[in-house]
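Peer 1: So the chains spell out like this:
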Amino acid sequence: MIAAALAQLRLAASLVYGRPIPAWALDRLVVAARDTVHEFGQIAPDGGQSLSGPSLDKGTRREMQLRRFRHQAKRAATGTAFYATWFSDRALDPATLTFDDIARLPLTKKGALRDNPDAFVHRDARPIHRSTTTGTTGRPTQVSFSARELHAITRFSALGNLIGDQIRPEDIVLNAMSSRASLGNLSLAGACAQIGALLQPVGLIDPRQTLALIVQPVRMPGRVPKVSVLSTYASYLGVLVELGLAAGYRPGDFALRWISVGGEVVTDGLVRRARRLFGEGVRIDTGYAMTETYPFAGMPCEQGHLHFEPSHGLVEVLDSETGTACQPGRAGTLVVTPFSPFRETTLLLRYDTQDVVRAVAEPLNCRHRHLPATGNLLGKLNLSVRHGHGWTYPADVIGALEEVEAVPLPGRCGFWAEPGGVALEVVVRKDTPETRLMVEQALERHGVPLVGLRLVTDPDELRQPFPLRCDLHELGFRQSEPTLGEVGR
Amino acid sequence: MVANGAVWLLAAAAVMSAWLYFRIWTLTRPPLGTVNLGDVSLTLACIVMLPFLYIWLPGWLVGTLLAITTLSVLWFVVEPVTSAPLARWSVAGGLVAADLLLIRLDGSTSTLFLLVNDAVMLTIAVGVSNLWAQGGLRARDMAILAGAIALYDLVATGFLPITTAMIERLSGMPFLPMAVWPTGSGHWTGIGLGDLLMAAVGPLVMRKAFGRTAGLVAMAIALGAIAGVLVVARWDALPETFPTMIVLGPIMVVHYILWSRRSGAERTYARYLAEEPRAHPSLGGVGWGNGPRVLANRAHKRPAA
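Residue numbers (this note's numbering), protein chains in the order written: chain U, 1 to 489; chain G, 490 to 794.
One or more hints might be untrue.
[As the list claims (entries may be wrong)] Here are some chain U residues the structure puts well away from chain G; computed CB gaps all over 10 Å:
id : residue
1  : Arg62
2  : Val202
3  : Glu242
4  : Asp355
5  : His368
6  : His387
[Stated by the list, open to error] Label pairs and their in silico Cβ distance ranges:
id : chain 1 : residue 1 : chain 2 : residue 2 : range
7  : U       : Leu6      : G       : Val537    : 37 to 47 Å
8  : U       : Leu245    : G       : Leu575    : 26 to 36 Å
9  : U       : Gly222    : G       : Leu575    : 45 to 55 Å
If you are wondering where the hints come from, they were derived from the structure by calculation, not from laboratory data.
C-beta atoms are modelled at their ideal positions from N, C-alpha and C, and glycine is treated no differently.
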């Protein structure tokens with residue numbers, strides 16, 4: 001307990017001053033968290049505060065973030081090829097930046113990182129891992145990490161999962177993410193190893209096989225009897241739910257306790273249908289993270305906000321057209337500056353994620369109200385549609401479609417701007433007038449100005465299919481053997 | 490004989506109060522960590538170091554340290570009992586103030602001061618034993634602590650004058666770390682706070698680890714050992730300062746070994762609560778203080794300073 005207290009103090013010092021976090025402190029905290037879960041069953045709700053430091057008022061938070069931004073900007077200006085010219089060309093001194101100066105700094109675009117990833121690597125860093133994004137929105141981007149960063153990522157992941165009661169030592173964790181999502185996979189694998197949970201990394205294989213693995217009994221001492229944690233993408237979860245319900249599975253067939261779903265927009269319809277299959281008691285959490293800014297991440301709250309730790313990075317919501325800060329309620333793209341000590345190798349200042357969220361009005365009254373927040377993820381900007389009435393985002397469309405039972409999961413569709421609004425094509429179970437009416441009403445409820453609707457029953461009939469991560473198939477030499485009828489029933 | 494009986498009753502009150510407190514109130518733990526072997530090692534280091542500090546540090550500094558530590562422990566013990574901050578501070582602050590005031594007005598040998606000081610020490614023993622037991626101290630680690638203290642006491646009191654010198658230094662100060670009873674003519678007999686603490690924590694940890702019976706047996710062992718020492722002391726068969734842990738420590742170790750062999754793995758605190766739920770689970774909710782370590786641990790019979 002004393003050692004844990006010392007480790008917490010050392011971590012707090014690193015968070016306050018932006019200094020490297022010693023490995024011993026994180027290791028000690030993980031051991032303490034594991035011991036606490038073992039002895040007491042769970043960690044008290046205030047456990048998270050021991051990792052994030054004290055709650056700060058807005059003024060103190062701004063002052064701290066400005067100091068941390070300057071520190072990171074100085075490192076970027078003196079240590080990376082990209083930002084050295086960035087600052088010298090503008091005759092800016094990173095050590096004296098103000099918030100107004102920061103707002104005038106240009107954004108770091110995805111293309112710049114994609115075209116020359118090494119120009120963002122600090123010259124004193126020693127990368128040992130270069131992660132590539134899955135490239136769902138274009139050519140993959142490469143981001144390098146040092147051994148210390150990876151160590152910290154896995155330890156923070158373990159701590160987060162233990163404190164949040166997400167992964168327990170007795171759990172069996174099935175990871176159904178693309179094997180190319182190496183950073184997330186490393187993070188989860190490292191967390192499971194630290195926690196002592198059993199990890200089954202299966203990738204995005206034939207969903208029938210994944211379902212078979214989820215219901216397969218496991219007979220190991222000290223383990224739960226079946227897979228208890230599932231980590232996957234929203235669309236792949238949709239595929240599993242659709243297949244499972246069609247095959248007649250019921251909640252009693254599963255032992256899932258927690259589903260971590262991310263990488264895509266997670267809709268209420270998906271969550272509702274997933275609970276129908278896996279049970280009302282299953283906890284389904286989403287969050288926001290991306291390789292480029294990892295481990296900077298957004299935590300959802302009960303009111304649908306995404307909250308960000310101010311000591312981990314600076315988050316801005318900028319109007320995609322004017323580049324200025326969005327007013328509350330307006331949608332803009334997330335612009336993120338990850339701070340040290342969480343980001344020491346690939347330095348990014350004002351990185352334009354192209355992920356769209358709404359700015360939220362403060363003060364907040366949710367459980368994370370002391371943390372900066374945005375609205376929930378609306379989707380990628382380049383997958384959103386600009387039309388005469390404004391913007392329609394993937395969350396609007398997918399959210400509406402997945403509410404409709406006649407639309408199979410995942411909601412497969414295509415949509416584009418047409419004069420007066422949005423034209424849409426969608427895969428439905430049956431093309432009937434009733435289905436059409438339900439789809440139209442759902443879209444209307446979600447504020448989609450529909451000017452044309454085409455229903456199809458075969459995904460291959462979609463002309464402009466919206467990209468879904470469940471289609472990042474990892475194929476075998478031949479189709480998998482088990483059928484749903486044979487598996488676990 | 491009366492004084493020895495009274496001291497035994499004080500010890501019994503501490504042990505039984507700790508037992509009741511354990512079953513009724515919950516001290517809030519730090520969110521991360523359990524009381525483990527590292528903490529036991531630190532406790533032992535403090536036991537070794539503190540006598541030297543008490544002897545060498547200026548009296549005003551020792552008194553101040555004792556007052557601050559005592560106040561914080563008392564506050565944390567009282568906190569789950571009442572939700573009113575005023576009541577918490579009144580009890581904790583009142584006891585500390587009374588201890589300070591009475592030693593100043595009546596001196597360290599007055600009966601009233603000794604009674605108040607006893608109340609303070611009993612409360613500390615109840616609080617710290619619960620901090621350890623509710624903090625997840627394992628029976629194995631407690632047995633290690635008990636065995637190590639017994640060895641230390643044998644050396645520090647049996648062969649070296651450290652303990653006696655420390656008690657002489659502290660006996661004129663407030664927050665004397667002993668529960669004592671006056672024997673007349675400015676003399677008293679008493680038991681050290683460390684002995685009280687180990688006697689109180691044993692039943693709690695053994696109950697958590699192995700069940701109610703193990704806890705009750707531990708309680709009988711603790712009170713029996715103290716009674717034995719006091720009876721023998723009455724016959725003047727022991728030196729003036731005799732550490733009870735020399736007797737109690739080895740018995741606690743043997744008791745742990747027997748239960749460990751009988752029951753196998755220890756229960757965790759979560760399993761203990763699941764199998765023996767409290768009658769009033771809603772009671773509780775406090776902070777955690779760094780309680781004083783064992784300050785002195787011996788049954789003591791000596792003239793007051």
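Peer 1: Each hint: holds or not?
Peer 2: Hint check results:
no.: 1; hint: Arg62; in the structure: 28 Å, holds
no.: 2; hint: Val202; in the structure: 32 Å, holds
no.: 3; hint: Glu242; in the structure: 38 Å, holds
no.: 4; hint: Asp355; in the structure: 32 Å, holds
no.: 5; hint: His368; in the structure: 17 Å, holds
no.: 6; hint: His387; in the structure: 49 Å, holds
no.: 7; hint: U:Leu6 <-> G:Val537: 37 to 47 Å; in the structure: 20 Å, violated
no.: 8; hint: U:Leu245 <-> G:Leu575: 26 to 36 Å; in the structure: 59 Å, violated
no.: 9; hint: U:Gly222 <-> G:Leu575: 45 to 55 Å; in the structure: 49 Å, holds
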